[in-house]
Amino acid sequence: MQFNIEINNQQYSAKRGETIKNVLDRIGIHVPTLCYMNGFSPTGGCRMCIVEVEGIGELVPSCSHLVTEWMKIKTHSPRVLKSRKVLVELLLASHPDDCLYCERSGNCGLQDLAAEMNIKERKYQGRRQKIQIDNACPSIVRDPAKCVLCGRCIRVCDEMIGVSAIDVIGRGTDSRIGTSYNKGLNTQTCVKCGQCIMVCPTAALSEKSNFHAVIEALGNPELFPVVQFSPTVPASIAEDFNIKASKDILNLLRAALKKIGFRQVFDASMAADLLIMEEAAGFIERLNKGDNLPMFTSCCPSWVSFVAESKPTFLPFLSTTCSPQQIMGRLIKNYIASSAGQKSENVFVVSVMPCTAKKYEADRDRMKDGSSRNVDAVITTRELVKMIRLLGIDFANLEPEPSDTAFGMRSSSGNLFGISGGHLEGLIRTINHMMTGQEMSTIKISELRGLKNKKEVKVKVGKTLLNVVAVSGLANAKTLVEDIESRRETYQIVEVMACPNGCINGGGQKLGSDEKNLKSRMKALYDVDDEEMIKVAHKNPIITDLYDKFLAKPGSERNKELLHVSRLKSATT
Amino acid sequence: MKELLAKILSKYPAGKKEGLLPILQEIQKQQGFLPEELLSEVGKYLNLPANKVHGVAAFYDQFRFRPLGQTHFKICRGTACHLYGSSNYLSELEKQLKVKAGGTSRDRKFSLEITNCLGACESAPVLQVNDKYYPHVTPEELAKIIRSFKEKTE
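The listed protein sequences correspond, in order, to chains A and B. Under my numbering, the first residue of the first sequence is numbered 1, with each subsequent residue one higher. Under my numbering, the first residue of the second sequence is numbered 1, with each subsequent residue one higher.
If you're looking for bench data, these hints aren't it; they were derived computationally from the structure. A virtual CB, placed ideally from N, CA and C, is assigned to each residue, including glycine. Treat the hints loosely; a few may be bogus.
Claimed, not checked - In silico DSSO-like pairs for lysine-lysine, Cα to Cα no more than 30 Å straight-line:
#, chain 1, residue 1, chain 2, residue 2
1, B, K2, B, K52
2, B, K11, B, K29
3, A, K183, B, K100
4, A, K130, B, K74
5, A, K549, A, K15
6, A, K183, B, K150
To be verified - Some chain A residues judged to face chain B by a derived CB distance under 8 Å, without partners named:
#, residue
7, T33
8, S164
9, A165
10, I166
11, V168
12, I169
13, G170
14, R171
15, T179
16, Y181
17, N186
18, Q188
19, E515
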């Protein structure tokens, strides 16, 4: 039902069931928010979005207050402005004064609010909570002193990821966001996805930085630093340097990584191609034997960590292949290093990922002797941007550099891993080829594309009908797993990505990414699939060459050590 | 401890979170505190994440996460007791028992707790030791009480 309401002395139409904030957003009136998150249930906790409504004594939070007919609203009256200012001043009262040295300076919700409210001095002196920084987790660091208790991280962890690793502890002035029994985040159900970092307005949550380890390695003359990057990195970097995510961006990124000092640059998409080959072979074996179906993908470390922690009975259903990051790391250390005339212990493998969980994954996967790692350091897209800036590299004006390593070729299938559904799409192309000996008539599976949390399709491969589904957002995967458990749904392959829409929206991406960013990152990946010549993993010449010279045929026992993990021994790599 | 928990849980329907508070209260009644390993079991039974169970428990003053000492002191910090200077009593207790409010001494002899109101405002300031109330406590009496319990537990 439509009716009129009055906002700041002007009339607007509104619908029953809308909140005041919905209407304000539509007509373009900005009210500050802190705890509000689009798409999540409002809590009205921070009171930042309060407005004055005629006839109601107290100020009401616009994010959760519903409109009624002929409501008269004032969004920026002197009373409202004064209250908002006091609210921000109270938040600042117990906040550390270290903006100059803060990770989030210049990109901080609290700083923005203070600027918006024109706050120039510390009005109240509050009690500072002395809670230790929690940095035991290899991916995420919590600094409760900087927390403003907006609760966004809790809601993301509950509603989007579904693991509830953090919660409000205590009450009143003692309340803080923490873990049960004050233990480190590493001991909790946390899957290290980093979505909490993405919604944190301050530096209370941040990634565990490997920035300095990488800078140090780059300066060490004894080391041979090489780098691999995830398929989503080029498009995301383009946003940071305000350039169009065109074809050239890949070569610009390569040039930048070379300038930083990496001796060789690898595209992890190639490892994804290899993963597809092994996984396709593994799947066909399962299909023929009829056991351990549905097969769940295992490229997302947060998902693997969730299964190991919370659904261990599903471990046998996970694909046994390592993630592309670890396959690349293992290949570099075991094969590529020697072909480049380097000892594997001198090669320092860095990966650039849109993901915080990859830090944890790399930490777990050790070489055979257990001492050295296959991937030595993982940095997020954010850390790479910082590094490019620190080293004074003028990204937009670099001379694009084509791939120079023998392992630079990729198929667009491997590249599609960056988005939910893409892994599955590439995998089916190769499964089809392995089972029928032919390519699919239409290679694009449009049902698996787009920004949706659950994408399913029935594909005919030869005479077999495969029911497959791609699900993203770990909470949605949890529901799906329960459906499969209770046999409400039967699938042959299930692709899971913990972050909504997959790695394009990963916890290591640019802070403050919005839907426009996601769409452009998605488009960049799909464009590659349209434009590139090699669209299927099994036609990547590097891959066929590797199988000819170094590996046994896909899925065979000999490849296990290099490309697979035993889920029972080390569930998390 | 597991058997005790199973007995408590059997009284409440599985997967229904309404049972959370009474279950926690019973555990605390039997154990004197909420042991960590039991909380995750409670979570499993009620289909609640362990962190949520802890979060709820941490909200209420009545729940403790560390075992009680042999002698348990409760000092009332309600309005009436506050006006009679109970904050000084609290700091004296902390100093003498060498334990912070909400904590238990390392030798597990003493524990100290702040309560919002003991419901005996007419007798303010009130101290409770184990099950006994001490009404209208004076600073001298407090010193005596502490001394006598220290001697008792030695």
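Structure-based check of all given hints:
Using a Cα cut-off of 30 Å, the hinted pair B:K2 and B:K52 holds, with the two alpha carbons roughly 21 Å apart. For the hint pairing B:K11 with B:K29, the CA-to-CA distance comes to about 15 Å; that is within 30 Å, so the pair holds. Between the alpha carbons of A:K183 and B:K100 the distance comes to roughly 20 Å, so the proposed pair stays at or under 30 Å and holds. For the hint linking A:K130 to B:K74, the alpha-carbon distance of about 25 Å falls within 30 Å, and the restraint holds.
For the hint pairing A:K549 with A:K15, the CA-to-CA distance comes to about 67 Å; that exceeds 30 Å, so the pair is violated. Only pairs whose Cα atoms come within 30 Å are accepted, and A:K183 paired with B:K150 is rejected, the gap being roughly 33 Å. The criterion of a C-beta within 8 Å of any C-beta in chain B is not met by A:T33, whose closest approach is roughly 24 Å, and the hint is violated. Annotation: interface hint on A:S164 holds; nearest CB of chain B at approximately 4 Å, less than 8 Å.
Restraint check, A:A165 versus chain B: the minimum CB separation of about 6 Å is within 8 Å; hint holds. The beta carbon of A:I166 comes within 6 Å of a beta carbon in chain B, closer than 8 Å, and the hint placing it at the interface holds. Taken as an interface hint, A:V168 checks out: its beta carbon lies about 6 Å from the nearest beta carbon of chain B, inside 8 Å. Annotation: A:I169 was flagged as interfacial toward chain B, and the flag holds, the nearest CB pair being 4 Å apart, inside 8 Å.
Residue-level restraint check for A:G170 holds (minimum Cβ-Cβ distance to chain B is 5 Å; threshold 8 Å). A cut of 8 Å between beta carbons decides the hint on A:R171: the least distance to chain B is about 5 Å, and the hint holds. At about 6 Å, the closest approach between the beta carbon of A:T179 and any beta carbon in chain B falls short of 8 Å, and the interface hint on this residue holds. Interface hint status for A:Y181: upheld, as the beta-carbon distance to the closest one in chain B is roughly 5 Å, under 8 Å.
Hint status for A:N186 relative to chain B: violated, with the closest Cβ pair at about 14 Å, above 8 Å. Hint status for A:Q188 relative to chain B: holds, with the closest Cβ pair at about 7 Å, below 8 Å. Interface hint status for A:E515: violated, as the beta-carbon distance to the closest one in chain B is roughly 29 Å, over 8 Å.
The earlier numbered hints that this structure contradicts are 5, 6, 7, 17, 19.
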